[in-house]
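Visitor: If you're matching positions, the sequence shown starts at 124 in the working numbering and goes up one per residue.
Everything labelled a hint here was simulated from the structure, so no lab data went into it.
None of the values given here were measured: they were computed from a predicted structure.
Be aware that one or more of the hints could be misleading.
[Unchecked claim] In silico DSS-like cross-links for lysine-lysine, where the CA-CA straight-line distance does not exceed 30 Å:
id: 1; residue 1: Lys194; residue 2: Lys261
id: 2; residue 1: Lys132; residue 2: Lys209
id: 3; residue 1: Lys250; residue 2: Lys188
id: 4; residue 1: Lys304; residue 2: Lys194
id: 5; residue 1: Lys229; residue 2: Lys209
[Stated by the list, open to error] Listed next, with one range per pair, are the computed distances between beta-carbon atoms:
id: 6; residue 1: Val138; residue 2: Lys229; range: 22 to 32 Å
id: 7; residue 1: Pro141; residue 2: Lys174; range: 44 to 54 Å
id: 8; residue 1: Lys172; residue 2: Gly224; range: 51 to 61 Å
id: 9; residue 1: Lys172; residue 2: Glu225; range: 50 to 60 Å
id: 10; residue 1: Glu225; residue 2: Gln300; range: 18 to 28 Å
id: 11; residue 1: Glu296; residue 2: His321; range: 36 to 46 Å
Backbone N, C-alpha and C fix where the C-beta goes; we use that ideal spot for every residue, glycine too.
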Amino acid sequence: MTFGDEKIKDFLGKVASPSPTPGGGTAAAFAGSLASALAEMVCNLTIGKEKYRDVEDEMVHEAKKCMEYRKKLMMLMDEDALAFNKVMEAFRIPKEEEGRGEAIQKAYKEAASVPLETAEVCLEVMKSARKIAEKGNKNSITDAGSSVMLANAAFHSAIFNVRINLSGIKDKEFVEQTREKIAAMEEEIERIMKEAMHIVEECL
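Model the full structure from these sequences, guided by the hints.
Guide: Now the structure itself:
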């Protein structure tokens with residue numbers, strides 16, 4: 124059973140347990156999926172309303188995108204836990220066994236790449252949520268704002284998990300390229316966040 128198929132109380136119980144998984148990376152993907160679901164909801168509360176007829180096609184398009192983001196992030200909830208478990212498995216290989224170091228490095232790269240993908244999707248959710256806040260049903264502006272805030276939290280939580288895994292990677296080129304990508308994404312999401320919050324605050 125995937126995390127997405129579990130009852131919320133069961134999933135939260137697993138997060139709270141002494142087991143290291145599901146942990147922060149899975150929680151980040153979960154928060155991102157909530158953000159995308161809220162953005163999708165605002166679209167659906169806009170579609171079909173006469174007042175918003177001029178933006179209906181755009182809202183239909185955004186709703187479809189958010190649905191795909193939601194599905195992808197639910198998959199990443201599981202992928203993050205699996206990637207962490209692979210790191211643990213690699214460290215359990217006997218130190219004298221050939222290939223242990225290579226296995227650890229491979230596992231670390233995967234463990235960094237999964238939350239990086241989560242962050243990338245959350246950035247896309249943020250872009251959609253900003254547009255939806257601007258053009259969607261103003262009666263649901265706080266839902267759009269909540270989507271923005273959740274996407275932002277999910278993004279930064281995912282980035283924490285990328286960085287902790289980068290610290291164990293010896294491939295300097297991989298680390299540098301990933302850090303550069305993170306920096307560019309952080310700059311972009313900060314800008315979009317400010318724009319989105321201005322839109323929301325203007326409606327309150």
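Visitor: All the hints need checking, so say for each whether the structure fits it.
Guide: Each hint tested on the structure:
1. Lys194 <-> Lys261: Holds, at about 26 Å.
2. Lys132 <-> Lys209: holds, 26 Å
3. Lys250 <-> Lys188: Holds, because 11 Å separates the two Cα atoms, which is no more than 30 Å.
4. Lys304 <-> Lys194: holds, 24 Å
5. Lys229 <-> Lys209: holds, 9 Å
6. Val138 <-> Lys229: 22 to 32 Å: holds, 27 Å
7. Pro141 <-> Lys174: 44 to 54 Å: With Cβ atoms ~52 Å apart, the hint holds.
8. Lys172 <-> Gly224: 51 to 61 Å: Between lysine 172 and glycine 224, where Cβ atoms are some 59 Å apart, the hint holds.
9. Lys172 <-> Glu225: 50 to 60 Å: The hint (50 to 60 Å, Cβ to Cβ) holds, given that lysine 172 and glutamate 225 are roughly 57 Å apart.
10. Glu225 <-> Gln300: 18 to 28 Å: holds, 20 Å
11. Glu296 <-> His321: 36 to 46 Å: 39 Å Cβ-Cβ, so the 36 to 46 Å window holds.
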